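Number of protein chains: 4
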Amino acid sequence: MATRANSVPHPTLIKVDPFKPADVQEGLHNRWHPDIPPFATVKPGEVFKIECIDWTGAQIGNNDNSDDIKNVNLTKVHNLSGPVAVEGAEPGDCLVVDILDVTPFEQMPWGYTGIFELENGGGLFAREFNSKACKAIWDFKGVYATSRHIPGVRFAGVSHPGLIGTAPSAELLATWNKREGELIAAHANAVPPVAFPPEPVGAYVGQKLPEDVMKKVATEGARTIPGREHGGNCDIKNLSRGSRCYFPVFVKGANLSVGDLHFSQGDGELSFCGAIEMAGIITFSTSIIKGGVEKFALKQPIFLPSPIDPLYSSKLIFEGISVDYHGDGKQYNMDATVAYKQAALNAIAYLQKIGYTREQAYLLLSAAPIESHVGAVVDSPNACVTLALPLGIFEHDILPKEEGLTKKDFGQCAIRSDGLL
Amino acid sequence: MATRANSVPHPTLIKVDPFKPADVQEGLHNRWHPDIPPFATVKPGEVFKIECIDWTGAQIGNNDNSDDIKNVNLTKVHNLSGPVAVEGAEPGDCLVVDILDVTPFEQMPWGYTGIFELENGGGLFAREFNSKACKAIWDFKGVYATSRHIPGVRFAGVSHPGLIGTAPSAELLATWNKREGELIAAHANAVPPVAFPPEPVGAYVGQKLPEDVMKKVATEGARTIPGREHGGNCDIKNLSRGSRCYFPVFVKGANLSVGDLHFSQGDGELSFCGAIEMAGIITFSTSIIKGGVEKFALKQPIFLPSPIDPLYSSKLIFEGISVDYHGDGKQYNMDATVAYKQAALNAIAYLQKIGYTREQAYLLLSAAPIESHVGAVVDSPNACVTLALPLGIFEHDILPKEEGLTKKDFGQCAIRSDGLL
Amino acid sequence: MATRANSVPHPTLIKVDPFKPADVQEGLHNRWHPDIPPFATVKPGEVFKIECIDWTGAQIGNNDNSDDIKNVNLTKVHNLSGPVAVEGAEPGDCLVVDILDVTPFEQMPWGYTGIFELENGGGLFAREFNSKACKAIWDFKGVYATSRHIPGVRFAGVSHPGLIGTAPSAELLATWNKREGELIAAHANAVPPVAFPPEPVGAYVGQKLPEDVMKKVATEGARTIPGREHGGNCDIKNLSRGSRCYFPVFVKGANLSVGDLHFSQGDGELSFCGAIEMAGIITFSTSIIKGGVEKFALKQPIFLPSPIDPLYSSKLIFEGISVDYHGDGKQYNMDATVAYKQAALNAIAYLQKIGYTREQAYLLLSAAPIESHVGAVVDSPNACVTLALPLGIFEHDILPKEEGLTKKDFGQCAIRSDGLL
Amino acid sequence: MATRANSVPHPTLIKVDPFKPADVQEGLHNRWHPDIPPFATVKPGEVFKIECIDWTGAQIGNNDNSDDIKNVNLTKVHNLSGPVAVEGAEPGDCLVVDILDVTPFEQMPWGYTGIFELENGGGLFAREFNSKACKAIWDFKGVYATSRHIPGVRFAGVSHPGLIGTAPSAELLATWNKREGELIAAHANAVPPVAFPPEPVGAYVGQKLPEDVMKKVATEGARTIPGREHGGNCDIKNLSRGSRCYFPVFVKGANLSVGDLHFSQGDGELSFCGAIEMAGIITFSTSIIKGGVEKFALKQPIFLPSPIDPLYSSKLIFEGISVDYHGDGKQYNMDATVAYKQAALNAIAYLQKIGYTREQAYLLLSAAPIESHVGAVVDSPNACVTLALPLGIFEHDILPKEEGLTKKDFGQCAIRSDGLL
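Protein chains in written order, with the working numbering: chain A, 82 to 502; chain B, 82 to 502; chain C, 82 to 502; chain D, 82 to 502.
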């Protein structure tokens with residue numbers, strides 16, 4: 082007979098409260114540093130769960146204006162759960178991580194996508210759009226998300242951790258700080274900044290640490306914004322539940338940390354806070370391949386995607402080239418980022434024809450499972466990048482028709498209480 | 082009863098000989114110019130075929146050295162078939178083109194992928210690899226390609242025209258020449274060049290034209306290397322047989338041209354001549370949507386992909402960021418092209434572990450249906466781009482294993498007769 | 082800010098204890114009858130959860146012998162949660178049910194697949210194999226299942242309710258009882274029986290009912306074994322989380338009931354208890370289309386499958402025809418069931434070549450996401466049916482190789498404590 | 082340079098004229114018999130082509146009435162190309178056949194789907210519908226088919242040989258004739274017949290044979306209607322171009338024959354002549370695995386499907402059970418064929434709601450890439466079978482809508498010149 086005795090739930094190694102600020106909770110940290118000790122330790126093969134708060138630490142609410150987005154404190158992000166040490170892992174090994182599941186908290190069946198202010202966070206079109214704060218709240222209905230701020234769509238989540246990585250060694254950390262420091266120096270006063278140096282303000286480690294260690298972490302610790310050789314904030318939507326990832330190990334125990342869970346995201350995460358950000362639970366198991374860095378020539382993680390990523394075979398695909406034809410018409414030299422921006426702007430223009438506002442379209446392309454392919458990056462001077470919009474996420478047929486597109490009224494996303502756009 | 086009388090084959094509007102140089106054949110041209118008159122005219126709804134020579138015009142042979150690649154004459158490319166006018170199309174309309182099929186010639190069941198010399202054509206890693214000419218010959222076996230120069234793989238073709246577009250208006254042409262001229266001026270003496278200005282040498286139109294028209298085309302005509310607002314050399318592998326594409330129309334009749342057929346290609350077409358280049362036959366039908374440019378906000382073509390693109394669900398995915406960690410370690414600012422290069426270099430390093438040479442790996446990633454996604458382009462300073470290698474194309478299991486990877490001897494691709502690499 | 086106040090979890094309308102027998106719990110029932118009143122009522126559009134015990138009512142344990150399978154009491158099955166009435170639904174309407182999610186209980190991360198005894202439950206090969214009780218326990222690791230009783234495989238669940246349906250009208254119930262009674266009469270004494278008449282023993286409704294009503298339900302209520310016009314025990318694996326189903330409504334309120342949750346199942350559910358049976362939670366929302374039965378010509382439910390069903394593109398496909406060539410060689414007349422049995426027996430023989438026992442293979446084909454297609458049912462006298470085995474679920478490459486198949490030792494599934502097979 | 086000299090086309094081993102009757106052409110045969118000698122011989126590894134006439138031998142014309150269907154001579158079918166011997170193949174080996182491509186003749190870009198008369202061929206609903214002859218002509222437009230007789234749909238072909246198999250041994254042939262003879266004896270006078278005994282009338286072998294051999298073939302040769310252990314007329318749509326099939330070998334040389342090419346087909350090939358029948362060209366290569374029958378436990382072919390089978394992820398799925406609720410309401414015992422018929426009748430009723438006639442719907446389900454899954458075959462007494470209609474093949478949105486379905490006028494398929502339906 083089925084009994085409680087023969088039914089052993091998987092243990093939760095880090096527990097959080099998604100409704101409390103991050104900096105009063107244990108097991109969290111928001112900088113990368115080799116001296117942050119493991120908060121928990123596992124054996125290879127164990128299945129375990131880790132709870133994560135949303136990347137801002139509960140700063141954003143389920144409501145209908147975007148003032149919280151406008152005023153978000155970015156020195157405190159991202160709030161990561163960990164580190165978790167894996168017994169036996171040593172530098173040069175490969176840590177195999179099975180991302181077995183990623184789910185929201187049952188008590189918090191919603192998430193958000195934000196457009197950040199040009200001056201506070203930015204995003205892919207921060208300058209082009211002179212971005213003001215906007216947001217969309219998404220309701221989680223099982224495997225699907227819908228939004229009262231972007232009606233007319235429903236899609237299955239490709240849920241994943243936006244941010245997951247092993248701890249850097251001291252040497253690797255120094256490399257990061259040096260190279261990013263040089264970039265910052267070369268672009269002083271850029272708005273938004275081109276990169277973020279170590280910043281003691283807001284630095285947090287939810288463990289009792291000797292003061293000097295905490296100070297070291299705060300002053301040297303790498304910010305969590307970009308992805309790097311250890312993984313980190315790669316925001317790869319297909320590193321989703323069901324995927325298997327092979328990380329290089331840089332410190333004893335590997336010291337895996339994770340956070341910034343996304344219910345869904347489009348390729349590129351356009352608006353920066355472009356995924357459907359959520360608090361939730363991630364389930365892992367791990368194993369170690371000794372000497373895996375050398376065996377697999379690992380300079381950065383590699384992974385096997387999940388068999389359950391949403392499949393929408395019908396797509397409308399937009400092209401872009403590395404000419405800013407939506408702006409000043411400037412010709413760039415084989416720049417895939419510029420090309421992707423044109424593809425996205427073409428998609429936004431199309432979505433406006435069917436009735437979405439520019440802000441809704443921007444949020445939708447950020448949050449829905451759109452696919453972006455690099456078409457060609459060898460046909461000088463134009464890189465060509467495409468953006469595929471899955472047709473199955475729309476309640477209505479949005480295909481090009483001889484009679485043109487039907488424009489509906491979809492309202493507007495949540496904007497600032499002062500009404501500025 | 083089935084009879085010849087009730088069986089009407091689709092007409093072939095342009096016929097070519099794939100074994101003859103391009104510049105002795107009718108119905109071809111190798112520059113974009115509004116004054117090139119239509120070579121053929123169709124009504125909307127007709128199904129018709131167009132034959133195409135390979136993009137170099139038969140310069141490359143089915144043999145085992147790469148001297149023909151080394152010495153290729155690039156002033157003569159690409160050789161396009163057309164233009165084909167569609168009755169009733171006018172500027173501002175949308176030309177709907179169904180790419181109904183793309184096949185090689187029965188008498189020429191092979192194609193090639195080349196790495197061009199740094200000084201003559203280049204490619205994504207021309208500088209990094211100080212590229213010398215290499216090539217792989219691919220044998221077409223029905224829907225599959227295999228290569229004696231890259232043993233151990235077989236894959237289904239995602240056959241497509243690398244180059245397809247409507248003719249530019251005089252105004253659009255002037256815009257192209259101006260912006261690209263400015264880029265060239267800003268990067269004088271770059272090797273390989275950043276862009277290609279109009280070049281009378283090698284210019285060709287396979288029609289009887291008044292001398293002044295031919296001269297105008299030769300001196301003003303845009304080169305065919307990059308994709309642009311009209312389509313052109315976008316090298317999008319998924320614009321494949323079975324896809325439907327919506328082109329903006331810039332001149333009366335639309336004047337569609339096509340060429341550079343590819344049996345297969347990976348996202349990015351890394352090595353520049355990275356697709357499996359072939360001569361062959363493309364089958365079309367067209368329709369017109371009046372005022373479609375305005376209706377669909379068309380700044381560049383949009384398209385619906387084909388239901389028969391090859392499906393390989395198991396993939397090994399490599400990540401890259403905008404740091405040149407395979408080179409001098411420089412930090413770039415959100416540069417998706419640099420990020421894609423790292424992902425590709427990671428994949429090449431992995432393929433070398435299983436026994437392919439660097440050149441074979443480079444050619445394979447160029448030619449096989451690899452998928453490249455822009456992961457995130459908002460996490461300053463690192464863009465993250467992924468490259469997915471389909472596992473089903475390999476004869477052997479190449480997954481990461483605890484015992485490491487099995488290295489086999491796959492020989493080498495075709496190299497220069499002087500043996501230089 | 083995110084707060085408990087602005088975070089409203091979806092309500093759970095029926096709660097159960099998966100470790101307690103069914104017949105002491107509220108909100109359950111195990112017969113179909115129009116007089117069973119709704120246990121809960123919802124409005125169209127609401128998202129709500131329903132908890133379900135496993136189909137046997139906790140009779141099967143997480144252990145290593147199959148005595149519980151041998152002795153299972155089948156008069157008590159299936160234990161359904163419900164009925165749930167939907168406000169406004171009337172006979173002739175179509176009840177649209179979104180199956181938003183299906184998950185196991187967190188405290189019970191396991192399920193089972195059983196081969197039932199020939200004399201107690203049977204299964205597709207009960208007679209051929211003279212079946213003795215066997216079982217496999219499956220551990221749920223996020224989206225995946227693995228089994229200590231069938232090592233070497235891991236697959237993503239296509240989780241679904243094996244049994245879901247609206248309540249029959251009195252008239253429809255009478256039709257069922259009549260036609261099935263006639264079949265039983267025509268096959269008296271068949272082992273296993275061809276069908277199951279109403280059976281007062283074991284009948285249960287977990288609500289306080291007037292005695293006469295309960296007696297009516299017990300004596301007239303249709304057994305839950307087969308699927309019928311209202312849905313019921315159709316065991317369609319693709320009616321999974323993320324799917325949308327359109328049910329005909331036969332009684333006021335529609336009175337939806339659900340149970341027999343499966344973590345995974347192969348087409349055909351070969352061994353009868355062939356899915357991975359589990360207790361768990363299903364999330365729904367509903368809507369009503371007035372007069373939908375007439376609008377859509379609904380004689381039985383229709384549905385839209387889920388975009389997140391597992392995708393394993395590489396498959397090894399076995400064929401079968403309606404000749405019992407694994408048995409006495411008899412030629413059947415266009416019998417797709419016989420054909421499917423041959424395909425399955427071919428697959429079992431193949432799996433035995435790689436080291437699985439016949440029992441393990443039978444259980445695996447029952448539980449894993451195998452696909453069965455009807456190939457042709459018009460080529461007299463042979464129906465042809467195929468069974469596709471997804472290759473990606475195996476840890477090792479099982480493709481046919483020139484050197485033959487590698488046979489490993491995978492042990493055995495759980496068998497009877499007396500060792501009989 | 083590319084030259085005719087270095088471009089070697091794949092050889093065509095059997096050439097046919099699709100506009101001539103079969104029985105005047107070489108390299109064809111229409112019975113299975115071990116004494117039919119190979120018409121051509123290949124070495125393992127060679128790529129070669131085989132031309133095939135349509136299964137009726139040009140009896141059906143591209144016109145607008147169905148009199149040719151009504152009067153079709155079925156003693157002459159199927160017309161197979163072959164046999165082709167493979168050097169080195171011996172009984173007990175496995176013949177690996179790569180189906181590299183399947184295409185129509187360029188000069189015959191059309192095919193047909195027919196409903197046969199109840200008295201001459203029948204079909205799945207021959208009795209239910211009291212079938213009169215109907216047909217639809219399909220135009221091939223590259224990878225797509227459309228029909229003037231069934232407007233509003235377009236789909237990509239999953240092109241395959243309906244019929245492909247190795248030659249039987251004398252012993253196997255005797256087994257077939259015996260078991261089918263017994264079935265015929267048990268159902269004497271059935272209309273349509275349950276099976277077809279050897280029939281000298283119409284028997285044909287397009288080679289010069291000694292008279293006694295030809296007589297033996299004619300009097301003993303198995304008819305080609307059903308699929309059997311050697312493959313044969315399995316009509317499996319996914320045994321398509323790009324697939325790899327493993328056949329058991331029964332005679333020296335294997336003696337592979339092929340015919341009945343289909344441009345497309347739905348699972349079940351409902352109307353018997355339900356595929357899009359065509360004449361065309363099939364491209365093969367082969368290899369031999371010694372002792373493969375034993376190595377892989379081969380009782381019937383197994384195969385690996387193609388990566389380029391059309392992918393239509395959005396589907397509307399119809400269910401059916403083994404109760405004839407569209408007819409007399411009879412309860413069948415776990416009969417998957419009856420269940421599939423109900424699912425198909427449900428789909429036909431739905432298609433009639435959107436405006437197709439019953440005949441058009443029947444033809445469409447036969448010809449389009451519909452998918453039929455065996456849901457459950459263990460829930461006594463009802464087998465449950467599903468039929469999935471791909472939504473992407475329709476020009477209009479046919480999903481269930483609150484307002485009901487929009488009925489259009491799609492005319493009618495081709496019917497008899499006397500107008501009888």
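Be aware that one or more of the hints could be misleading.
Identical chains share a label here; the pair holds if one copy fits it or two copies do between them.
Said to hold, decoys possible - Pairs of lysine-lysine residues, derived as PhoX-like cross-links and limited to a Cα-Cα distance of at most 25 Å, are as follows:
| id | residue 1 | residue 2 |
| --- | --- | --- |
| 1 | Lys289 | Lys489 |
| 2 | Lys157 | Lys411 |
| 3 | Lys101 | Lys380 |
| 4 | Lys333 | Lys213 |
| 5 | Lys333 | Lys289 |
| 6 | Lys96 | Lys124 |
| 7 | Lys157 | Lys124 |
| 8 | Lys157 | Lys396 |
| 9 | Lys434 | Lys289 |
| 10 | Lys296 | Lys371 |
| 11 | Lys124 | Lys259 |
| 12 | Lys222 | Lys482 |
| 13 | Lys213 | Lys130 |
| 14 | Lys96 | Lys396 |
| 15 | Lys213 | Lys96 |
| 16 | Lys434 | Lys96 |
| 17 | Lys222 | Lys380 |
| 18 | Lys333 | Lys482 |
| 19 | Lys482 | Lys371 |
| 20 | Lys434 | Lys296 |
| 21 | Lys296 | Lys213 |
| 22 | Lys411 | Lys333 |
| 23 | Lys434 | Lys371 |
| 24 | Lys130 | Lys488 |
| 25 | Lys482 | Lys259 |
| 26 | Lys222 | Lys96 |
| 27 | Lys222 | Lys130 |
| 28 | Lys222 | Lys124 |
| 29 | Lys96 | Lys289 |
| 30 | Lys411 | Lys380 |
Honestly, the hints are just simulated from the structure, not real lab data.
Only a predicted model underlies this, so the values are computations on that prediction, with no experimental measurement involved.
How the hints compare with the structure:
For the homomeric pair Lys289 and Lys489, neither the shortest alpha-carbon distance inside one copy (56 Å) nor that between copies (50 Å) is at most 25 Å. Within a single copy, Lys157 and Lys411 get their C-alpha atoms no closer than 37 Å, and across copies no closer than 28 Å, so neither meets the 25 Å cut-off. Taking the shortest alpha-carbon separations for Lys101 and Lys380, neither the intra-copy value of 37 Å nor the inter-copy value of 47 Å comes in at or below 25 Å. Taking the shortest alpha-carbon separations for Lys333 and Lys213, neither the intra-copy value of 44 Å nor the inter-copy value of 43 Å comes in at or below 25 Å.
In this homomeric assembly, Lys333 and Lys289 come within 25 Å of each other (Cα to Cα) only inside a single copy, at 20 Å, whereas the closest approach across copies is 62 Å. For the identical chains of this complex, Lys96 and Lys124 are intra-copy neighbours only, at 19 Å inside a copy versus 35 Å across copies, given an alpha-carbon limit of 25 Å. Taking the shortest alpha-carbon separations for Lys157 and Lys124, neither the intra-copy value of 31 Å nor the inter-copy value of 42 Å comes in at or below 25 Å. Neither within a single protomer nor between protomers do Lys157 and Lys396 lie at most 25 Å apart by alpha-carbon distance, with minima of 38 Å and 36 Å respectively.
Neither within a single protomer nor between protomers do Lys434 and Lys289 lie at most 25 Å apart by alpha-carbon distance, with minima of 55 Å and 44 Å respectively. In the homo-oligomer, the alpha carbons of Lys296 and Lys371 never lie at most 25 Å apart, since the shortest distance is 33 Å inside one protomer and 67 Å across protomers. Taking identical chains as interchangeable, the C-alpha atoms of Lys124 and Lys259 are never at most 25 Å apart, the minima being 35 Å within one chain and 60 Å between chains. For the identical chains of this complex, Lys222 and Lys482 are inter-copy neighbours only, at 21 Å across copies versus 32 Å inside a copy, given an alpha-carbon limit of 25 Å.
Proximity of Lys213 to Lys130 under the C-alpha cut-off of 25 Å is found in neither arrangement, the shortest distances being 37 Å within a copy and 38 Å between copies. With identical chains, the CA atoms of Lys96 and Lys396 are never at most 25 Å apart, being 40 Å at best within one copy and 34 Å at best between copies. Taking the shortest alpha-carbon separations for Lys213 and Lys96, neither the intra-copy value of 35 Å nor the inter-copy value of 45 Å comes in at or below 25 Å. In the homo-oligomer, the alpha carbons of Lys434 and Lys96 never lie at most 25 Å apart, since the shortest distance is 46 Å inside one protomer and 41 Å across protomers.
Taking the closest pair of Cα atoms, Lys222 and Lys380 never come within 25 Å of each other, the shortest separation being 39 Å inside a single copy and 29 Å across copies. Taking identical chains as interchangeable, the C-alpha atoms of Lys333 and Lys482 lie at most 25 Å apart only when they sit on different chains, with a minimum of 22 Å there against 59 Å within one chain. With identical chains, the CA atoms of Lys482 and Lys371 are at most 25 Å apart between copies only, with a shortest distance of 11 Å across copies and 57 Å within one. In this assembly of identical chains, the alpha carbons of Lys434 and Lys296 never lie at most 25 Å apart, being 53 Å within a copy and 42 Å across copies at closest.
Neither within a single protomer nor between protomers do Lys296 and Lys213 lie at most 25 Å apart by alpha-carbon distance, with minima of 35 Å and 52 Å respectively. Within a single copy, Lys411 and Lys333 get their C-alpha atoms no closer than 49 Å, and across copies no closer than 27 Å, so neither meets the 25 Å cut-off. For a Cα distance limit of 25 Å, the shortest separation of Lys434 from Lys371 across copies, 16 Å, qualifies, whereas the shortest one inside one copy, 55 Å, does not. Taking the closest pair of Cα atoms, Lys130 and Lys488 never come within 25 Å of each other, the shortest separation being 45 Å inside a single copy and 36 Å across copies.
Taking CA atoms no more than 25 Å apart as the test, Lys482 paired with Lys259 passes in neither setting, with 54 Å inside one copy and 35 Å between copies. Proximity of Lys222 to Lys96 under the C-alpha cut-off of 25 Å is found in both arrangements, the shortest distances being 24 Å within a copy and 19 Å between copies. Proximity of Lys222 to Lys130 under the C-alpha cut-off of 25 Å is found in both arrangements, the shortest distances being 22 Å within a copy and 10 Å between copies. With identical chains, the CA atoms of Lys222 and Lys124 are at most 25 Å apart between copies only, with a shortest distance of 16 Å across copies and 35 Å within one.
For a Cα distance limit of 25 Å, the shortest separation of Lys96 from Lys289 inside one copy, 17 Å, qualifies, whereas the shortest one across copies, 41 Å, does not. Only between protomers do Lys411 and Lys380 lie at most 25 Å apart by alpha-carbon distance; the minimum there is 15 Å, versus 35 Å within a single protomer.
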